[in-house]
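Novice: Listed below, chain by chain, are the residues.
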Amino acid sequence: MANARVIVITSGKGGVGKTTTTANIGMALAALDQRVALVDADIGLRNLDLALGLENRIVYDIVDVVEGRAEVRKALIKDKRNQNLAFLPAAQTRDKSAVSPEQMIKVLDDIKAEGYNFILIDCPAGIEQGFKNATAGADEAIVVTNPEMSSVRDADRIIGLLESQELRGAKLIVNRIRMKMVEQGEMLGVEDVQEILGTGVQLLGVVPDDESIITSTNSGEPASMSETSRAGQAYRNIARRLLGEEVPFMQLAEVKQGGIFAKIKKMFGG
Amino acid sequence: MVEVKGWRNGLLMTLPDTLELDELLAAIRERLEQGRNLELWKGSVATIDFGARIVLPDALDSIIGVLKDGYGILPTAVVSEIPETRAAADRLTLTLYDVLPMVVMPPVGQTPEPEKAPQIGQGNALYIPHTVRSGQRIVHNGAVIVNGDVNPGSEVIAAGDIVVLGTLRGVAHAGANGDESSRIFARSLRPPQLRIASLYARAPESDGKTAASKGAECARVQSGAIDINPW
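Going down the list, the protein sequences come from chains W and D.
Numbering-wise, the first sequence is residues 34 to 303 according to our numbering.
Numbering-wise, the second sequence is residues 2 to 232 according to our numbering.
Bound-form chain D, shown alone (with noise of 0.2 Å):
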């Protein structure tokens, strides 16, 4: 399968090393044009990691093209440890890496499946301008951004982090596909209860009264338990 990510330096494009080159040349279109706008490709720069494949100087270079004409993606480095790859890299003045120089980033122009969307969470947060208010039921697959407050009676559910701007009254569930590492900050962290992953925690009993804002709070999963700091 041929998988796109995106790194720090533009898109990691890792390629299967055990199909024929025909058949790779289709994996790639087929993959590229999977669900995006293709004008969204052009002009991206690409590091090709082709494992353990051998790709001579005319294989390199018809896969360089279908990525240049087809789809404006220019390769600018190799990852391979074979001889004849770096040689065929090389040749093309590529930069080469033995092996990938770092961690990547969440894979892009995909749509996530949904046995895998607890590692979603991190490239694709929702912005919301305004304030949510009661009755109001905020679910996204990835952080939520709330630019104002979060009401009594309203829900603020997120796969990733959640971040409220103003004070945090409602409900919210970070994590809510089960990533542990999820947070939540507010400028004023009021909510009745709070849910990370499976874990929650409820506020503390109190006469009904609002409490004195105590200033930007961070509730976060530690040691099996939810745990609130200031932020």
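For reference, chain W alone in the conformation it holds in the complex (with noise of 0.2 Å):
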């Protein structure tokens, strides 16, 4: 099957959560029942196998791809703990120029010539060599931003980036939201930060600021397979939407302890 979605997931500014952002909506898609391949595309700035916990299974990776050392089949790593996810990793002793658009394309070719339904890439923060490698053989993206100034500016400038190369139609995650601060105007809120990127861009999902992310990060988990996580339900409530289902926006007002108020909340914010 080679009409496999490949998508993208890009930020331009460094540290707002696209290797979480990837790891957790590959997971949850692949709880779906969908054939996933994750590709980590930030080439001797590895972190995709940490989040993913499939460190200790790397064995070749995507420049032994390119430079033909291995085949994808061989290089993809199988996710033990759900079967239609893989992996492939980046290489971490080499740089960015180690792979070129062309060859990008070619390596993505082969994946979906396995018969995946998606390929997510892990874009690389920045916008040269490893943005370009990234998004070349994309034709669909995502864009993670946090809600502050400077990774908002980083967004739009990534949009405008990707609509000149006829990528558009870019997808938003707003990740790493806190309502409390927003609420006490400390924080921007997601109309702030969809005012200034404008209403081209669509809404793709929220994620709250959550602490389950980093323990769920440095034990290799994605928290979207953890029931309780806030963070995790965002990321499975992503994915039922990039499957095209209507999932209604998370509840995130801080809800008080206890009230019978509360409860009914919670029972429709998830």
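Don't read these hints as lab results, they were simulated from the structure.
Computed from a prediction, not measured in an experiment: that's the story for all the values here.
Backbone N, C-alpha and C fix where the C-beta goes; we use that ideal spot for every residue, glycine too.
Among the clues, some could well be false.
Unchecked claim - Not everything, but these chain W residues come out facing chain D in the computed CB check (under 8 Å):
#, residue
1, R186
2, D189
3, R190
4, I192
5, G193
6, I229
7, G231
Stated by the list, open to error - Computed beta-carbon distance windows for the label pairs:
#, chain 1, residue 1, chain 2, residue 2, range
8, D, K215, W, A146, 50 to 58 Å
9, W, N251, D, D228, 53 to 61 Å
10, W, G202, D, V100, 54 to 62 Å
11, D, R188, W, L276, 32 to 40 Å
12, W, T232, D, D228, 27 to 35 Å
13, W, T232, D, L39, 42 to 50 Å
14, D, N148, W, E199, 17 to 25 Å
15, W, T261, D, D228, 55 to 63 Å
Unchecked claim - The following residues of chain D were derived to be distant from chain W, with all beta-carbon distances above 12 Å:
#, residue
16, P17
17, L26
18, W42
19, R87
20, L95
21, G143
22, G167
23, P205
Now that you have both chains on their own, put them together as the hints suggest.
Specialist: Okay, structure coming up:
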């Protein structure tokens, strides 16, 4: 099946949660019976393996595939927790120039030939060679931003660059939002972010700032595997939206403990 | 030098009154063929300003012949105070002006030369049909119209006016070649900095949160400073 959806996950700015987002959406899609391949395009600064907890299983990486030392099928690491999920690691000992956009497209074609429904590409920060490689073969883009000005400005820049290479209709994830701070006027809200980026950029999801993300990244268990993680729930919702389902946005306002009202909110919240 | 401008009644051609007829015809041809698709002249009507030239009927016929047959330009009026010239024009029932009756628009069909740059900016607007995003830079030797927002981290630099149909949050520089009559319009004007010609204005220090929208505004130079008023 050669018609996999190839989605690049990008942000411009570093540290906003691209890798975490890639791991979580990948895991959530796999849990929805999609065959998903994750590609770490951050050559030289490999991280996705950690978020997935697959570090110790890396034998071949994307540069080995490009340089002909391994076939894509051999290099793809199957996740033991969910056989639907596979992962192509970046090389840690090389840099972005080790892969060209043409080679990237070739690798993606090889992965498509393996019959995956989704290929998610974890894009490196920045707008240079690594960005060009990661976006070269993508036909959809997810832009991750944090609710703060520098991140939003970089996201805007990325959307402009994507548009200029005909990758239109980028979808937006606002990551690490703290509703309490938004309510107190100390943090940009989702509406503020959307106002700057424009209504042409569709909101795909809002992920609350959640300590469980830190522990899950360290332990290599994406939060979307956890039933109790609020961020995990948000990622599962995003996966369902990617499959075309209309999922209401989570009720993110802080709820007071114990009240009947809060319980009702929680019931509808998820 | 043969000058061609646009005015309310089509083209206005100002012909030098020093050249011999042959040289004049050659100069007309040269001017009309300079950097322009010849098709675009077709069907234009023209007013000819002869200055102090004495134009006899034969000469007028050959000038009109070149314009009509060569380029499809139809002369309809003549500007001249010289009796012989007026008589020749009157014979062809052309409209007669003693002096040019009004201010004209900037030259057409000719890319302005750099030293003349400040005079342009009204006739040739650049239309941007989308939002200008961070990192993008629009530079245009004329007015710029943005049908969208101008986002933080972007720049719009225009020799003429800047019109933003959405929100202006990037840097805008109107009249970049020194034209202080240039203005900046935006449906919501919230830039960190505005520049008109060599003047600039900074946004008042804020707490970093977006201010409440006040509606469309226009920035212009008034008594040596940039002034912002409701539009």
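Novice: Give a verdict on every hint.
Specialist: Now the hints, each set against the structure:
This hint holds: W:R186 has a C-beta 5 Å from the nearest C-beta of chain D, less than the 8 Å allowed. For W:D189, the interface hint holds, the least distance from its beta-carbon to any beta-carbon of chain D being 4 Å, beneath 8 Å. A least Cβ separation of about 4 Å between W:R190 and chain D falls short of the 8 Å threshold, and the interface hint therefore holds. A least Cβ separation of about 6 Å between W:I192 and chain D falls short of the 8 Å threshold, and the interface hint therefore holds.
Look at W:G193: its Cβ gets to within about 3 Å of chain D, closer than 8 Å, so that hint holds up. The closest approach between the C-beta of W:I229 and any C-beta of chain D is roughly 6 Å, which is under the 8 Å cut-off, so the hint is satisfied. Look at W:G231: its Cβ gets to within about 5 Å of chain D, closer than 8 Å, so that hint holds up. At about 57 Å, the beta-carbon gap between D:K215 and W:A146 stays in the expected band of 50 to 58 Å.
Hint check: W:N251 to D:D228, Cβ distance near 56 Å, so the stated range 53 to 61 Å holds. In this structure the supplied range 54 to 62 Å holds for W:G202 paired with D:V100, their Cβ-Cβ distance being about 59 Å. In this structure the supplied range 32 to 40 Å holds for D:R188 paired with W:L276, their Cβ-Cβ distance being about 37 Å. Taking the beta carbon of each, W:T232 and D:D228 are about 32 Å apart, inside 27 to 35 Å as hinted.
For the pair W:T232 and D:L39, the beta carbons lie near 45 Å from each other, so the given range of 42 to 50 Å is met. Take D:N148 and W:E199: their Cβ atoms lie about 20 Å apart, and the range 17 to 25 Å holds. Here the CB-CB span from W:T261 to D:D228 is close to 58 Å, well matched to the stated 55 to 63 Å. For D:P17, the requirement that its beta carbon stay farther than 12 Å from each beta carbon of chain W is met, with the minimum near 48 Å.
Every C-beta of chain W lies more than 12 Å from that of D:L26, the closest at about 49 Å, which supports listing it as non-interface. No Cβ of chain W approaches the Cβ of D:W42 within 12 Å, the least distance being about 36 Å, so the stated non-interface status holds. Residue placement check: D:R87 keeps its beta carbon more than 12 Å from all beta carbons of chain W (closest about 59 Å). No Cβ of chain W approaches the Cβ of D:L95 within 12 Å, the least distance being about 53 Å, so the stated non-interface status holds.
Taking the minimum C-beta to C-beta distance to chain W, about 23 Å, the non-interface status of D:G143 holds against the 12 Å cut. At roughly 8 Å from the closest C-beta of chain W, the C-beta of D:G167 falls inside 12 Å, breaking its exclusion from the interface. The claim that D:P205 lies off the interface holds: its Cβ sits roughly 17 Å from the closest Cβ of chain W, which is beyond the 12 Å cut-off.
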